[in-house]
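Q: In order, the protein sequence lines correspond to chains A and B. Residues 1 to 349 (this note's numbering) make up the first sequence, in order. Residues 350 to 857 (this note's numbering) make up the second sequence, in order.
Please note: incorrect hints may appear among the correct ones.
[Claimed, not checked] Here are the simulated distance ranges between beta carbons:
(1) B/Trp572 - A/Leu256: 21 to 31 Å
(2) B/Thr596 - A/Cys33: 49 to 59 Å
(3) A/Cys33 - B/Phe476: 57 to 67 Å
(4) B/Trp751 - A/Ser94: 17 to 27 Å
(5) B/Thr750 - A/Pro228: 46 to 56 Å
(6) A/Arg198 - B/Gln814: 50 to 60 Å
Hint data in this document are derived by calculation from the structure and do not stem from the laboratory. C-beta: ideal position from N, C-alpha, C; glycine also.
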Amino acid sequence: MGSIGVSGVRSSVRSRGSSSTTTSDPREKVKDCCRKLVAFMCTQVGVGGLVVGYAIVGAFGFMWIEKDWKNPQNENVAKLHATCVCDIWNLTVSGFTFNETAWRSEVDRVLKVFQNDFAKAYKEGYNGRINEDLWTFPASLMFCLAVFTMIGYGNIVPKTPMGKGLTVLYAVFGIPLYVLYFMNMGKVLASTFRWLYRRLYECSEEGVGDHDSESNLPPTPAPRIIVPSTACLWVMGGYVLTGTIMFAEWEGWEYLDSTYFCVTSLCKIGIGDFVPGANILEALNSGSQTKLIINFVYLLLGMGLIAMCYNLMREEIRVKMRDLKADMRQWLEDVRIRIISSYRRKRGY
Amino acid sequence: MSSPTDTLPRTDGGPPGRPQRTRPRLTIPVLRLPGGAPISPATGAPAMVTIPMTPGPMTAGGIPISVTPGPFGMLQVYPNKASEFMFKQFEGFKDFTMNTAKSGLSAGEKTAFWMYGKVRAWSRNWFTHIFLFLVVLSYSLIGAVIFVAVEGTYEEQGQADLRRERYVLLRRLRELTRDPVLATDDEMWEGTAVSEMKEYEKTLYESFKHGITLKPDNDWRFWNAVFYCGTIYTTIGYGHISPSTTTGRAITILYAIFGIPMFLILLADFGKLFTRGIKFLWAFVRRLYYTGSCRKVRRTVPVQEVMKGVQLVYDFATFRRPSQMVGEPGGAAPIARPEDVELQVPLNPQPQPNIPLDSNEPPGTPAISTFEVDDEFNLPISVAIVILLIYIFVGAFIYWTWENWGFFESFYFVFISMSTIGFGDFVPQHPMYMMASIVYLIFGLALTSMCINVVQEKLSDSFRQASAKIGATIGLRVNEEDGSITPVPPPQIEVPEVHGTVTKSQST
Numbered sequence: 001m002g003s004i005g006v007s008g009v010r011s012s013v014r015s016r017g018s019s020s021t022t023t024s025d026p027r028e029k030v031k032d033c034c035r036k037l038v039a040f041m042c043t044q045v046g047v048g049g050l051v052v053g054y055a056i057v058g059a060f061g062f063m064w065i066e067k068d069w070k071n072p073q074n075e076n077v078a079k080l081h082a083t084c085v086c087d088i089w090n091l092t093v094s095g096f097t098f099n100e101t102a103w104r105s106e107v108d109r110v111l112k113v114f115q116n117d118f119a120k121a122y123k124e125g126y127n128g129r130i131n132e133d134l135w136t137f138p139a140s141l142m143f144c145l146a147v148f149t150m151i152g153y154g155n156i157v158p159k160t161p162m163g164k165g166l167t168v169l170y171a172v173f174g175i176p177l178y179v180l181y182f183m184n185m186g187k188v189l190a191s192t193f194r195w196l197y198r199r200l201y202e203c204s205e206e207g208v209g210d211h212d213s214e215s216n217l218p219p220t221p222a223p224r225i226i227v228p229s230t231a232c233l234w235v236m237g238g239y240v241l242t243g244t245i246m247f248a249e250w251e252g253w254e255y256l257d258s259t260y261f262c263v264t265s266l267c268k269i270g271i272g273d274f275v276p277g278a279n280i281l282e283a284l285n286s287g288s289q290t291k292l293i294i295n296f297v298y299l300l301l302g303m304g305l306i307a308m309c310y311n312l313m314r315e316e317i318r319v320k321m322r323d324l325k326a327d328m329r330q331w332l333e334d335v336r337i338r339i340i341s342s343y344r345r346k347r348g349y
Numbered sequence: 350m351s352s353p354t355d356t357l358p359r360t361d362g363g364p365p366g367r368p369q370r371t372r373p374r375l376t377i378p379v380l381r382l383p384g385g386a387p388i389s390p391a392t393g394a395p396a397m398v399t400i401p402m403t404p405g406p407m408t409a410g411g412i413p414i415s416v417t418p419g420p421f422g423m424l425q426v427y428p429n430k431a432s433e434f435m436f437k438q439f440e441g442f443k444d445f446t447m448n449t450a451k452s453g454l455s456a457g458e459k460t461a462f463w464m465y466g467k468v469r470a471w472s473r474n475w476f477t478h479i480f481l482f483l484v485v486l487s488y489s490l491i492g493a494v495i496f497v498a499v500e501g502t503y504e505e506q507g508q509a510d511l512r513r514e515r516y517v518l519l520r521r522l523r524e525l526t527r528d529p530v531l532a533t534d535d536e537m538w539e540g541t542a543v544s545e546m547k548e549y550e551k552t553l554y555e556s557f558k559h560g561i562t563l564k565p566d567n568d569w570r571f572w573n574a575v576f577y578c579g580t581i582y583t584t585i586g587y588g589h590i591s592p593s594t595t596t597g598r599a600i601t602i603l604y605a606i607f608g609i610p611m612f613l614i615l616l617a618d619f620g621k622l623f624t625r626g627i628k629f630l631w632a633f634v635r636r637l638y639y640t641g642s643c644r645k646v647r648r649t650v651p652v653q654e655v656m657k658g659v660q661l662v663y664d665f666a667t668f669r670r671p672s673q674m675v676g677e678p679g680g681a682a683p684i685a686r687p688e689d690v691e692l693q694v695p696l697n698p699q700p701q702p703n704i705p706l707d708s709n710e711p712p713g714t715p716a717i718s719t720f721e722v723d724d725e726f727n728l729p730i731s732v733a734i735v736i737l738l739i740y741i742f743v744g745a746f747i748y749w750t751w752e753n754w755g756f757f758e759s760f761y762f763v764f765i766s767m768s769t770i771g772f773g774d775f776v777p778q779h780p781m782y783m784m785a786s787i788v789y790l791i792f793g794l795a796l797t798s799m800c801i802n803v804v805q806e807k808l809s810d811s812f813r814q815a816s817a818k819i820g821a822t823i824g825l826r827v828n829e830e831d832g833s834i835t836p837v838p839p840p841q842i843e844v845p846e847v848h849g850t851v852t853k854s855q856s857t
């Protein structure tokens, strides 16, 4: 292999020497493309793939750890059922049948007890299903995503001590990795957006500036086109709108609830009262598996878009914030001097 | 444009305050730019006291504005430095007048003056921090009031709904007992009753999920609402309380959009305070340890790294260009809060290898480390991580004693909260503990972001090295600045032609 490598090099040197201006050799082009691709993957796309792989591995890990956990509240609630019904039956047969008000008040009391115990069980973690149904693959994937993007929905949480410890470890390594991904995605998307914007701008200018080509002006260099911040805001708004419509249609949420979900997820708050695909009955059919995958991609891409917006808007924001901060400092000094001088005036200095 | 100087020393013995027509006051040449803001030629004349005072009804009258003469009316980003310089001039003049005036004062008044001077010096440093903190506090309180108003009423109604459901169930059971067929058969009655109960249970579960609980006092009390607001703008988002009304959700959206950037600024500010304190402590400890040998040692790379990280956290939120450390070209590294990251990375300015403290260069900030004593035996990354771990363990210990959680659960809770993941399965119950938690978490967040930044910088460095190595072996080089890839021709190997001209098909 070494000789072939050497001879390959030799040939490439020779071919480069012979055709110095054009690398018209198709094999050379292919090699070049391959090299570029691999290096690109190592820098930018590779991180994205790493993140997705990390999520998948984590999902399998958590699924395996958590599926055998028995929720002690399930038996508890079953017992509550039985006691409540027994009590009511006992009440019924013990002769209250013809005294309605007494029967009602007694049964009401029994029901209240059941309600309070049920609330307690709910607080302790009763959720009406067994863990194996809860930790399906899409749900675990969503959980892993919630951990390393720091959203943290909390609709499913690890209950076993090992699961909790694994969560901590997973976060410690996942979060910096995610930050790396975020930074790279932002760069890529920002350059893509700039290119797109420039193309659109030029296309729109071409129609206008055609009649100028007849004049014998020297070709002016293309003006440096800076993407305005409003374009970024429009992009973000459009993305949130897309998400709203998507989730509202799929999950049957209201539009405002969808927007609420999108905004709280993209801001990485992650309250957790709305989580797509959390409805267990849906998750068991395969159609919603793809939905969860799409949710995953939507959130990841959304974070990247936020990075892009910061990237594109940073100059403008920076200047504005600087001015704002200087103004604020000035105002603060003003206020402080005023307070001090009024105090002194009061004291008669 | 200058007014005739009135060189009467101020008899009231203090720095010139607001212009009063009746009082003798000090007027000093004021340079006025067409931009409108009177700018004092402060840096030009160290001996002259330069206090811009307007002799008449002008806009910014009489208040020393902390600006330095920049390009045409622009404010430089060293307002603090300039104002400090100016106040130093103030002090000089004031001391002069005070000393002449004080000789006739009693002891009590002298101490009053001394205390006043101390308080003023102290307040000057801390005013911004306190102001930011007050802003965030008032934002939380206002948000809490709004949420209580919106959600509290809804909750009461929800509880009424629950009661109604219970009565419905009661009526059904009553009908069951009246049913002559079922009344005789135990099993059947129980079976039907259980199915009715299951229905009821489902409604209970649904309403619990929406936040209606059975507690005698409702969830949306004032302090709970404050805590909820805190979880929103720190982006922790526990979810143990969540808005159930549409209005509540809409308000949450707006609240988040405005609250999160504000909190980021506060976080960076506190982070800077915190790290300054730690560094000061560290330097103090080291100086104590090496008493007598506190010579300044040449800074080493690891030290620079963590200081860079700390500096960048602050630089982001104040949106300044990151300061470069001495000898580190192009080191603009990303920051823990990923949003901050993006601001710094492409912003890789022309490498400024040396930024002296009083540089007149376009905006950068003075590097923190130039203020401090350094020592060769620092391992800053470990130090940062150790401090973070100590902080987490202290917090875990506190929660372990306060709440009835195990120690591991407390640790888990503290970690999940500080990394802003915030599942919400463990939430502190008492309102007072919640408030203390928020303060604790704010500092913890500053610490965490510093550590994450340091770790992530390491990761990205090794990533870059790895990709450079890979690129080198496959004949490409990745440019540092923009990640573009340029092909590097493999080194030409001079091999003598043994077989004459070798065609491509033969050689490969």
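Q: So, for every hint listed, does it hold in this structure?
A: Hint-by-hint comparison with the structure:
1. Take tryptophan 572 of chain B and leucine 256 of chain A: their Cβ atoms lie about 27 Å apart, and the range 21 to 31 Å holds.
2. At about 56 Å, the CB distance of threonine 596 of chain B to cysteine 33 of chain A agrees with the hint of 49 to 59 Å.
3. Separated by about 60 Å at the C-beta atoms, cysteine 33 of chain A and phenylalanine 476 of chain B satisfy the suggested range of 57 to 67 Å.
4. Take tryptophan 751 of chain B and serine 94 of chain A: their Cβ atoms lie about 46 Å apart, and the range 17 to 27 Å is violated.
5. Between threonine 750 of chain B and proline 228 of chain A the C-beta distance comes to about 54 Å, which sits within the given range of 46 to 56 Å.
6. Here the CB-CB span from arginine 198 of chain A to glutamine 814 of chain B is close to 33 Å, at odds with the stated 50 to 60 Å.
The structure shown violates the earlier hints numbered 4, 6.
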